[in-house]
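So you can see what is in the structure, the chains are spelled out below.
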Amino acid sequence: MDFAFSEDQLMLRDSTRDLVKENFALSANDEDKDRSLNPETLKSLKDLGYLGICTPNESGGAGFDTLSLVIVLEEIASYDASAALLVSGMNSLSIGGLLPHSDQNVVRDYLSRVSNGDLIGAVAINESDDSYSHHANRTRASLRGNNYVLNGFKAHVLDAELADFFIVSARTGDDEGEISLFILDKNTPGLKIESIPRMMGNNAAAIGNIRLDDCSVPLLNLVGKEGGGLASAQTVLQLNQLGLAAIAVGISAGSLRESIDYSKVRTQFDQPLCEFEAIQFMLADMSTSIDAARLLVYKAAVAFDQHSDYAELICAAKLFASETAFKNVHHANQIFGGYGYIKEYAVERLFREQLFTELFAQNNDTLRLHISKRLLG
Amino acid sequence: MELRDKQQHYRDQVREFAVQEIEPLARQIDDTGEYPRELFDKLSDFGLFGIQAPVEYGGQGLDTVSYAIAVEEASRVCGSTGIMVAAHNSLGIMPFILFGNSQQKEQYIPPLASGKNGLGSFGLTEPGAGSDAGATKTVAVREDSEWVINGNKCFITNAGMCQVLVITAKTEKIPGSRGISSFIVDRGTPGFVVGKKEDKMGLRGSDTRELAFENMRLPQEKMLGNEGEGFKQFMIILDGGRISIGAMALGLAQGAFDYALEHVKTSSFLGKPKTNYQSYQWKIADMYTKIQAARHLIWHSARLEDAHQKIVLESAMAKLYASEIATECVRMAMQIVGQRGYLEETPLERMYRDVRLCEVGEGTSEIQRIVISRNLFKSK
Ligand SMILES: Cc1cc2nc3c(=O)[nH]c(=O)nc-3n(C[C@H](O)[C@H](O)[C@H](O)COP(=O)(O)OP(=O)(O)OC[C@H]3O[C@@H](n4cnc5c(N)ncnc54)[C@H](O)[C@@H]3O)c2cc1C
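Residue numbers (the numbering used here), protein chains in the order written: chain E, -4 to 372; chain Z, 3 to 382.
Treat the hints loosely; a few may be bogus.
Ranges between beta-carbon positions, derived for each pair [said to hold, decoys possible]:
hint, chain 1, residue 1, chain 2, residue 2, range
1, E, 138, Z, 288, 31 to 39 Å
2, E, 170, Z, 260, 34 to 42 Å
3, E, 322, Z, 35, 24 to 32 Å
4, Z, 273, E, 286, 37 to 45 Å
5, Z, 58, E, 338, 37 to 45 Å
Here are the simulated EDC-like cross-link-like pairs (lysine to aspartate or glutamate), alpha carbons at most 20 Å apart as the crow flies [unchecked claim]:
hint, chain 1, residue 1, chain 2, residue 2
6, E, 338, Z, 43
7, E, 338, Z, 201
8, Z, 198, E, 25
9, Z, 199, E, 339
10, Z, 274, E, 171
11, E, 322, Z, 201
12, E, 220, E, 265
13, Z, 199, E, 25
14, E, 322, Z, 330
15, Z, 139, E, 265
Quick caveat, the hints were computed from the structure, so don't treat them as lab data. Backbone N, C-alpha and C define an ideal beta-carbon position, used for all residues, glycine too.
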C-alpha cells in the first residue's frame, strides 16, 4: 500500500490550492447570493482544463486519473463548493456518459468540446427525491421517423441554467431497465428549464428542473445503443457520488482551516479560544475524521481507476465523508459563535453547503441500503 | 407533564393563532427579511408582547410555563417570530419587571407589553465580550448628574424595531465582571446609533443589529436597579432567557417532526408506504422521544421558576438539551424527506437554518456545560 501521490498529483494539488485560494475564495460568498459562478472562476475552470481533467489526452482532455480528480475537488470545495460541483458534474458526464461511446462521431465531438471548455453539459437523469433506482420512471423516448421524441420530467438537475446541452435518460422499452441516453441541445424545441428559486446552499450550482415536451432528437444523438444506457447512467451516478464525497472532505477541510485560524485570534476570558480544551478536542476530532474520510475517498477513487469492485466503496465514501462533514461544519460554526451565523464568514456558507452532500446523488439512507445489500449478497 | 386547564387552553389558543396567522407568512418573512406590520399588530393584539408582564401594567400576567408554550408554538411555524417574541419578553421586558423601580415600571412596561410602538431589546454582547459578557468595554462615566456612555454592542435582537433597550456598561474601573451597571436607553437618545441589519444564515425575519453609543448622556433615573449590580442582573435574566431559547428550539424540532411525520404517513418508497420501513420508524420514534424529553426539561424549569426556586442548573440543562436535539431532529427530518428538503419550497430548509442559532444564542452549548458542571461540583 503506497500512500504517496505522484509528482503530477502533487503539482496538480498545489497549483489548484493556490488558484482557488487566490482567485476563488473571495467570490464564493457572493456566488451563493448571486446564484451563479463568478465569470472569472468559470473562465479559469474552462481555460485551465478542469472540466476535462479526467478525459484522456487523445479525446482533448488533461488525462489525469480519478484519484487526481478527487484531490482537485477537495481543494476547490474547501473554498468554493459550487465550483467543485461543476467540475465534478462535468467529469462524471464525460467519463461515465460520453467516453465509453466516443467511437460515435457526435459523442466524440461533444466530449472534446466539453473537455476544452467550449461547452457545458449537465446530467438530467434524476426524477425523484429518493432516486433509489436511478431509472427513468416517467421520461419516455419513442422513435418517430428519423428522430426520437422525448417526453417527461427531470428533477434537480445541477448546473441546468448554465448548460449548453443535457444528457437525458429515457425509457425506450417496456422493461424498467431499458434506458437510453440522449444528447439534447438546450435549445431543443419543447425543452424547458424551470429554475428552482433558491436552495439552502450551493446556489451557484444553478440547479433546475427540466420539462420535456415532445422534444425531437436526431438518431445520431442517441448515446450508445438503444436500451443500453443503464450502465452509463449508473457510472455517471457513481462518479457523482464519489465527487460529492470528495467535496464533503473539502467542506470539512475548509471548516477546519477556518476554525484553526479563528480559534487562534479570537479571545474570550483573556485567552485565545484554542487554549480551551473543549475547542482543542473539537479540532482534534475534526482533523481525525477528515483524514479517515479522505482515505476512504482515495481508496474508492483508486478502485475506480483500477476497475476493481468500487460500487460499495463509493457508497461508503459518500456516506462517511458527508456525515462526518456535518460534525465538522457544526464544530466550526460552534467555534465561531454568533459570527458563524453571519453571512460574512465562510463557515456560514460551508454549513449550508454540507447538507447537499448528504442528500444529493442518492441520500445516505439509500446508500446504506446499497451497502448492506452487497454485504448480504 | 400534565398542564393545568388554563395552560392547556392557552396552548390550544396559541397553536390556533400561530397556524392561522403566522404560518402562512413564514416563508415570506424568511425570504424578504421583513416582518409584516399587519402580522406584528396581530401578535400585539393576541398579547404575545406582554406574556408575563403583570396585568396591572397591561400584560397578560401568565406564568413561565405558558410563556414557554407561546414561544414553542410560534417557533413551530416560524423561527423568526419565535426569537422576536422570546427576546422581547425575556430580555426586553423582564429587566423592568425584575429590577425596575415603580416609576420605571409604570413608564416602560405598558407600552412594551403592547409592543405597538416598538419592542424591547437587551444589549449585553459586544465585539469583545460574547461568552465572556462580563468583559464589557462599554463605559459610563459620571459627569455632573449625568452618565456619559461610550461603546459598542453587537448581535442585538429587535434593535431596529425597539422603543427602548437595556444595556450594560462599566461604571467603575475595576477588573473582571464587577462594576457593571444597567441603563435604560430610549430610542432617539442623542448619541445612540443603531447599525445595519445583520445578514444571517437563518431567522432572517428577526432584526439583529450592531449598536454604538457616542457620548450618549443619560440622567441617573435611567439606571436600572443599583449601581454595580449589572452582572448579577443579567445572569438572572439569562437564566430565564435560556428557558425561552430552549422553547424556541423545541418548537423548531416539533415543527420539523410534524412535517416529517406527515411525509412518512403519506409517501411511499419503492412502491411501499414509508411507514413500513424501519429506517423511517426509527427516526420518527427517536425524534418524538427526544422532543418529549426536552419538553419535560423545559417545563420542569419553567415550573421551578413559577415556584420561585433556583433554575440555574435546570434552565442550562433544558437549553443545552433542547437546542442539541432540535438540530438532530431537523436533520432526521431532512433524511426522511430527502433532496426536496434542501429546496426552499419546504419549511425544513428554513428550519435547518433557523435552528442553528439555538446552540449559540444566550450562552453557547459550551457555556451551558460550564454552568452545569460548575453547579454540580459546587453542590454537596
Ligand atoms: C441571532 C443572534 C441573536 C442574538 N441576540 C442577542 C441579544 O439580543 N442580546 C445580546 O446581548 N446578545 C445577543 N446575541 C449574542 C449571543 O448571545 C452571543 O453570540 C453568544 O453569547 C456567543 O458569543 P460570541 O458570539 O462572542 O462567541 P464567543 O464567545 O467568541 O465564543 C466562540 C466559541 O468559543 C467558545 N467558548 C467561549 N468561552 C469558552 C470557554 N470558557 N470554554 C470553552 N469554550 C468557550 C464558545 O462556546 C464558542 O464555541 C445574539 C446572537 C445571535 C447570533
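Here's how the hints hold up against the structure:
1. E:138 to Z:288: 31 to 39 Å: 51 Å, violated
2. E:170 to Z:260: 34 to 42 Å: 40 Å, holds
3. E:322 to Z:35: 24 to 32 Å: Holds, since residue 322 of chain E and residue 35 of chain Z (Cβ atoms, about 30 Å apart) stay within the stated range.
4. Z:273 to E:286: 37 to 45 Å: Distance hint for residue 273 of chain Z, residue 286 of chain E holds at roughly 41 Å.
5. Z:58 to E:338: 37 to 45 Å: 44 Å, holds
6. E:338 to Z:43: 30 Å, violated
7. E:338 to Z:201: 6 Å, holds
8. Z:198 to E:25: 19 Å, holds
9. Z:199 to E:339: 13 Å, holds
10. Z:274 to E:171: Status holds; Cα separation ~17 Å.
11. E:322 to Z:201: At roughly 24 Å apart (the allowed maximum being 20 Å), residue 201 of chain Z and residue 322 of chain E break the hint.
12. E:220 to E:265: Judged against 20 Å, a Cα distance of about 69 Å means the pair is violated.
13. Z:199 to E:25: 18 Å, holds
14. E:322 to Z:330: 11 Å, holds
15. Z:139 to E:265: Within the cut-off at roughly 13 Å; holds.
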